[in-house]
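As given, the protein sequences belong to chains A and B, one line each in that order. Everything in the first sequence is counted per this note's numbering, starting at 11 for the first residue and increasing by one. Everything in the second sequence is counted per this note's numbering, starting at 11 for the first residue and increasing by one.
FYI, nobody ran anything at the bench for these hints, they're computed from the structure.
Note that identical chains are pooled: a pair holds if it fits in a single copy or bridges any two copies.
Below, in silico cross-link-like pairs of lysine-lysine (DSSO-like), each with a Cα-Cα straight-line distance of 30 Å or less:
id: 1; residue 1: K78; residue 2: K60
id: 2; residue 1: K99; residue 2: K60
id: 3; residue 1: K78; residue 2: K19
id: 4; residue 1: K99; residue 2: K72
id: 5; residue 1: K19; residue 2: K60
id: 6; residue 1: K60; residue 2: K72
id: 7; residue 1: K99; residue 2: K78
2 protein chains.
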Amino acid sequence: DGDPANGKKLAQGSMCARCHGVDGNARSTSLHVVPLLAGQPAAYLIQEMKNYAEGTRVDSSKNGQMAKELRLLGEAEYADIAAYYESQKRY
Amino acid sequence: DGDPANGKKLAQGSMCARCHGVDGNARSTSLHVVPLLAGQPAAYLIQEMKNYAEGTRVDSSKNGQMAKELRLLGEAEYADIAAYYESQKRY
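With the hints as constraints, model all of the structure from the sequences given.
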């Protein structure tokens, strides 16, 4: 399993928190559509981070920033980030 | 905007509810990983249903059932299903 503490550092240090919010409950606006990540199953989040990095899921973030960012990280970091967002309360 | 009442009928009538739960809060198991849909922004849900139907997002559901199902529906139904799941309480 991933380490949520390291996941929090990674999420804040990289772009995740900027769009999804520090706790994964950032709301969308008409200009900026983002899914809520808080409480999502880690296995799902890992699967989708891989899909973005591998290009099997189209990256609709601005300038494809998310896929670029994710390609700089590896599976261990995905597991940590996923464990962190899974652990966040949904509201 | 979509019609949540019709969206509920569509979600229950088709496969959505079977994997994601009637209210979009179905939990994953080790054999069955599904994202929580309740409360997700409708714009995001519509975008992803289109991606699945168009194949720009890999469909990791059993036998690609989700993409097949979505290709039978159109954008008006996506908007209704999305409005329904967006309106569901997250827990």
